[in-house]
Each structure stands twice: as structure tokens, then as C-alpha cells.
Amino acid sequence: MQGDEPLNMRKLFIGGLPHDATDETLQEYFSKYGSVVNSSVVKDSVTKRSRGFGFVIFSSSKMADDAQAARPHVINGKEVDTKRAIPKSDMDSTYKNHSNIQEKRVFIGGLRGSTTSEILNTHFSTYGVVESVDLILDPNTHRNRGFAYIAFDDSDSAGKVILQKYHVIDGRKCEAKPAFQKQQRYPHSHQMDGGYGAMGSYGSYAGSYMNYMDPCYQPHKSCCDHYHHHHHRGSSRLIFFL
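Letter by letter, the sequence shown follows residues 1 to 242 of the numbering used here.
Each hint can be trusted.
Straight line, CA to CA, 27 Å or less: simulated DSS-like cross-link-like pairs of lysine-lysine:
#1 Lys-62 / Lys-78
#2 Lys-62 / Lys-173
#3 Lys-43 / Lys-32
#4 Lys-78 / Lys-48
#5 Lys-78 / Lys-32
#6 Lys-62 / Lys-32
#7 Lys-43 / Lys-78
What the hints contain is simulated information worked out from the structure, not anything from laboratory work. The model shown is predicted, which means the values in this text are computed figures rather than measured ones.
The whole structure should be built from the sequences, with the hints applied where relevant.
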């Protein structure tokens, strides 16, 4: 199965690690969820000390799903933060540094004009609990304008949708990307269950959580200090890796 599934679907980022955590620590802890084919704690190239985060790769995506379903995780007495990892190469460089990411919300582009909110809800419910479907409509024709926003109750569900990237919806190949907040609501949208206002536009997407890692590259600044400053208990954000 390992050879049949993309690496991205089997890989998790582990943040907020205690400094005494090692590759073996991650291997031993996450093995309870399945076969771990690789585990690594990222170290500073100069000091060789842990930078407070690492990665775990399972032999199947189901094992990664099981690990995420078991959140929160505590390693060596410290609660850590596990997230889906999205390759930087998957994101347009224009948006990689956007910080205003909606972690539970996904942008879907390339929809048929006839696709309905109900069709979207049915498709994305296989990834988790859908809280709202925000389908952007043309004010004159009342047909959708080819894109929508899906909000989940758990950011991990959004992460899985984004990692898969391409989805066949209503017979058409569509693309999923992270959504980010804009200041004004879109005036013409069709929402299911109230939900969120439509924000952004086709192509208005961003790479998420880049700021989490950036300060860790500065030798004078503690990765863990930065992590604790931005960490939100119970969240499961997305993070890019090289």
C-alpha cells in the first residue's frame, strides 16, 4: 500500500516537541497507530539541537488518519501539535506568506455552472463533518460562478481535501486550495446551514502556516518560544515542508 499512496497523504508534521525527543521517540510513540517507515526530529544545522518539530511517515494514509483522530498527543509529558503537511511546491508563490488563513475552510475552483450546494455537501462529507457550503452565484443568471468555499468542523478534514488537491465533482475535475480571509463578504452566494460569508475570489488562496517555520531558521530565536506563542490548543493546522 505504501507504494500506491502519495507520500503527502502519509506524512504528518509534529510541532512543539520537547527538546529531549529523538527520532526513536517519534518512532516508538506513533507506532501505536501503524507502521512508521520514517521519523525525524529536525535539528539546527549549527548547534545540532532539536528545533522543536519533526515529521513522521506512515506506510498508509489510514494510519495517519488514525493518528489525527487520536489528538491530542502527549510525548515525554508535553502536548504536541500534529498537522497535515503540504509541499511548498503545491502553492503559488504569490500566496505562500499569507497569514490570514482559515484553517477549517477550503477553496474549490473549476466547478460546473450547474453544480449545487447539495452536490458539494455530499462529496465533501466523505472527508469529515461539513459545517457550511458557500457557493458563489452570478447575480444575473443565478448559476454558480465556478467556485465555492467548504467549511469543516475540523481543520484536519480541510487538510485532507487540500492534500488530495484534485477532486472529480459532478463529472468535472476541480481543484482544492486553502482559503484565506478578506475584509468584505462576497455579495452573491448560496450558503447551506448559514455558515461563513463568501470571501476571496478564484485564485485568492494562500499557502498556510509558513510563519510557523520561518523564525526557526534564525539561530538567535527559539523555535519552541515561537511555537508556544502561536500554538492554539486543539487545532490542527496545515504546514508546508520542503
